[in-house]
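Whenever a hint applies, use it, and build me the whole structure from the sequences.
So the chains spell out like this:
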Amino acid sequence: MEKLSDNEVLELVHSDPAAAAQNRYIVHRVNTSRDIGDRNQYKAWVYLAPALILLLIFSFYPLINTFRMALLNGYTSDGFTTAYQVGFRNFKTVVNFVDFKQCLKNTVLLCVITVPISTTLALLIAVALNSIKPLQRMFQTIFFLPYVTNAIAIGMVFKVVFNRVAVGDLVQTEAVINRFIGLFGADPVNFVNVGSSWGANMFVVCTYIVWNALPFKILVLLGGLQNVNKQYYEAAKIDSTSKIRTFFRITIPLVSPMLAYVIITSFIGGFKEYSSIVGIFGETMGPAGSEGQMNTIVGFVYKMLPYWKTGVASAASLILFGIILIVTAINGLVSKRTVHY
Amino acid sequence: MKIILQNLTKIFPGRNKTKKKKGEEKNNEFVVAVDDFNLEIPDGKLVGMLGPSGCGKSTTLYMISGLQKPTLGKVFFGDSDVTSLEPENRGVGLVFQNYALYPHLTVKQNILFPLQNFKGEQKLTKEEMLDRAQTAANLVQIGELMDRKPSELSGGQQQRVAIARALVKMPRVLLLDEPLSNLDARLRLQTREEIRRIQRETGITTVFVTHDQEEAMSISDIIVVMKNGVKQQVGAPQEVYDDPANLFVAQFLGTPPINVFDGRLDGGKLFVNGDAVMEVPSLAGETREVAVGIRPEAFVPDDSGPMSCKLSSLEVMGRDCSVVFTNDASRKPISRAIVNSDVPVVPDAAGIVRFTLKPHKVFLFDAESGERIRF
Numbered sequence: 007m008e009k010l011s012d013n014e015v016l017e018l019v020h021s022d023p024a025a026a027a028q029n030r031y032i033v034h035r036v037n038t039s040r041d042i043g044d045r046n047q048y049k050a051w052v053y054l055a056p057a058l059i060l061l062l063i064f065s066f067y068p069l070i071n072t073f074r075m076a077l078l079n080g081y082t083s084d085g086f087t088t089a090y091q092v093g094f095r096n097f098k099t100v101v102n103f104v105d106f107k108q109c110l111k112n113t114v115l116l117c118v119i120t121v122p123i124s125t126t127l128a129l130l131i132a133v134a135l136n137s138i139k140p141l142q143r144m145f146q147t148i149f150f151l152p153y154v155t156n157a158i159a160i161g162m163v164f165k166v167v168f169n170r171v172a173v174g175d176l177v178q179t180e181a182v183i184n185r186f187i188g189l190f191g192a193d194p195v196n197f198v199n200v201g202s203s204w205g206a207n208m209f210v211v212c213t214y215i216v217w218n219a220l221p222f223k224i225l226v227l228l229g230g231l232q233n234v235n236k237q238y239y240e241a242a243k244i245d246s247t248s249k250i251r252t253f254f255r256i257t258i259p260l261v262s263p264m265l266a267y268v269i270i271t272s273f274i275g276g277f278k279e280y281s282s283i284v285g286i287f288g289e290t291m292g293p294a295g296s297e298g299q300m301n302t303i304v305g306f307v308y309k310m311l312p313y314w315k316t317g318v319a320s321a322a323s324l325i326l327f328g329i330i331l332i333v334t335a336i337n338g339l340v341s342k343r344t345v346h347y
Numbered sequence: 142m143k144i145i146l147q148n149l150t151k152i153f154p155g156r157n158k159t160k161k162k163k164g165e166e167k168n169n170e171f172v173v174a175v176d177d178f179n180l181e182i183p184d185g186k187l188v189g190m191l192g193p194s195g196c197g198k199s200t201t202l203y204m205i206s207g208l209q210k211p212t213l214g215k216v217f218f219g220d221s222d223v224t225s226l227e228p229e230n231r232g233v234g235l236v237f238q239n240y241a242l243y244p245h246l247t248v249k250q251n252i253l254f255p256l257q258n259f260k261g262e263q264k265l266t267k268e269e270m271l272d273r274a275q276t277a278a279n280l281v282q283i284g285e286l287m288d289r290k291p292s293e294l295s296g297g298q299q300q301r302v303a304i305a306r307a308l309v310k311m312p313r314v315l316l317l318d319e320p321l322s323n324l325d326a327r328l329r330l331q332t333r334e335e336i337r338r339i340q341r342e343t344g345i346t347t348v349f350v351t352h353d354q355e356e357a358m359s360i361s362d363i364i365v366v367m368k369n370g371v372k373q374q375v376g377a378p379q380e381v382y383d384d385p386a387n388l389f390v391a392q393f394l395g396t397p398p399i400n401v402f403d404g405r406l407d408g409g410k411l412f413v414n415g416d417a418v419m420e421v422p423s424l425a426g427e428t429r430e431v432a433v434g435i436r437p438e439a440f441v442p443d444d445s446g447p448m449s450c451k452l453s454s455l456e457v458m459g460r461d462c463s464v465v466f467t468n469d470a471s472r473k474p475i476s477r478a479i480v481n482s483d484v485p486v487v488p489d490a491a492g493i494v495r496f497t498l499k500p501h502k503v504f505l506f507d508a509e510s511g512e513r514i515r516f
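Those protein sequences? They're chains A and B, same order as listed. My numbering applies: residue 7 is where the first sequence begins, and numbers increase by one. My numbering applies: residue 142 is where the second sequence begins, and numbers increase by one.
Be a bit skeptical, because a hint or two may be false.
[What the hints assert, rightly or not] Computed list of lysine-lysine pairs in BS3-like fashion (alpha-carbon distance at most 25 Å, straight line):
id	chain 1	residue 1	chain 2	residue 2
1	A	K243	B	K143
2	B	K249	A	K243
3	A	K98	A	K278
4	B	K290	A	K236
5	B	K210	A	K139
6	B	K210	A	K249
7	A	K107	A	K315
8	B	K260	A	K243
9	B	K267	A	K249
10	B	K502	B	K368
11	A	K342	B	K249
12	B	K249	A	K236
13	B	K290	A	K342
14	A	K243	B	K267
15	A	K315	A	K278
16	B	K210	A	K243
Calculated from the structure, these hints are not laboratory results.
Okay, structure coming up:
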């Protein structure tokens, strides 16, 4: 029997199955994944349906509708008014809003200031927590408390802590912080009350955000640290590596995936900052007399909603979406180079 | 560098987290990992610490490195007491069982890492560092792999990198913790020769830990056999094999393992299963139960020999022949003798084979304590 090539065998099987069988060429129909797919694909869709339907209703539809709304004016969900196309005019409106520029500036500054500070602090605290044995659990709980408390409530507490009511030299209320800095002979600062400066407000909000962001970051970084094989540290110790060098050359690279995660999520969270400012200043987003001084982009979006300016609000949120997308992409690129998975 | 361990003891606090059951003895309080360990390791020798898992050999190694502090006792390097010295000041190189190579650094960066820690007068220029790293890498034959990450290396290559990293700073003492346990059988053979070669070339006093007696015997100058934290015997491998201090050492060394029988000394004769297998004139006055350890190579087939056993099977392995037999006095279901295949082993009609024994391959031990009874 002469030897046939695979193709010849296939041809023979198709043209003359009997002859092929006689020559002991029997081609078993192999269940390729495609065959299985053909038969079972509908099943897969059935199984996926509940999740897909929910996603369609609650995620994809709102997202796509936001894009649509950004191009409309007079849109309301109840159809009370007639919406009409305005093209990209809403985006123009947003960008030209004086308020929006203030919001953008506040948001970007909050991110740029708080993310590095809170991440560094969280890393240091996590390393410290990881290196102590007694009371570690207790400290972990203490550091985690802010995470389970309500942002608005804590914001109000912050307002109290930074409070100062004074008419000229006649001080009526002087809160803890001002009393504290008074101990060092410094002049009291009007942090959050009428007539307080933008810088003072910013300081309070940043303090709040850093404080509020710490627990989650500590938790993630501590988890990362506890996963690092202790032998790396023992090896470093044997090689007389200084503590600082161990930290920068071993600890940081080995927790870099967690660091990257923490930084990306906190940038995203930072750009969506809103509730902390409401907590401290109320819905006016600023101290009395200079309302909106501390407003953010999300605050801007909320502010537009009651005036049937859903188009403008949508446009603003899409701009925010774009900014977050770009920042996250940059974060991703940077971490690709520096993170050691 | 000579190493002296003096009364070294390590006690770990017990894990008393689980609640004690009523009436249970309070014996879980402490774990004595290493118990009053004394040893002098001469300069430039390769020492194998050998014992079953949990015998305290790794703990001893870590106490030499300084990563663990002894509960009692002292460690000397040369004449200086290093007991209270932190590991970073001891100048030791340590190869971990899992190598502990920094995963984010390349091979070159890993080997350079210890050199970059040098301070003050020791500080090297970049060229010197690269030079020394390359020399160390060449010594372990990984000179071509300098730009790879540890994850891109095989187990054997990683192991060499770990050795290079330990050697590059010219340690006074090189410590290896089960260095071959992660390697496959062939690589293990090759690598242990390599360790021997590197140790010879550098002349650094080296201590390595293993539970594989063959590994320890094949490359060590001195082996230390440990059990339950207590040193059992120290000596050159052949010496320990030929003259074990107790039953544990005799059983731990040698493949196939020594055969142990319940025997009896009576009137200067040694009885195993009723057979007077050997004359022991020097112990003529004693009548007692003993444990008899007989090395597989001690058996000489002899149709009129005193020791009779029931043959189970014959395994011919070319030069040698392995005789598997049973004996009612044996402590194991089967026993094994290695005999020269030139001498035919022919059982009689009842399947009985007879042996004479080489006296110097037969050891007597106390039946209870396992201590050696010399004759």
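Point to revise | Unsatisfied constraints (hint numbers, rising) | key: Nothing - there is no hint that the structure violates, so all of them hold.
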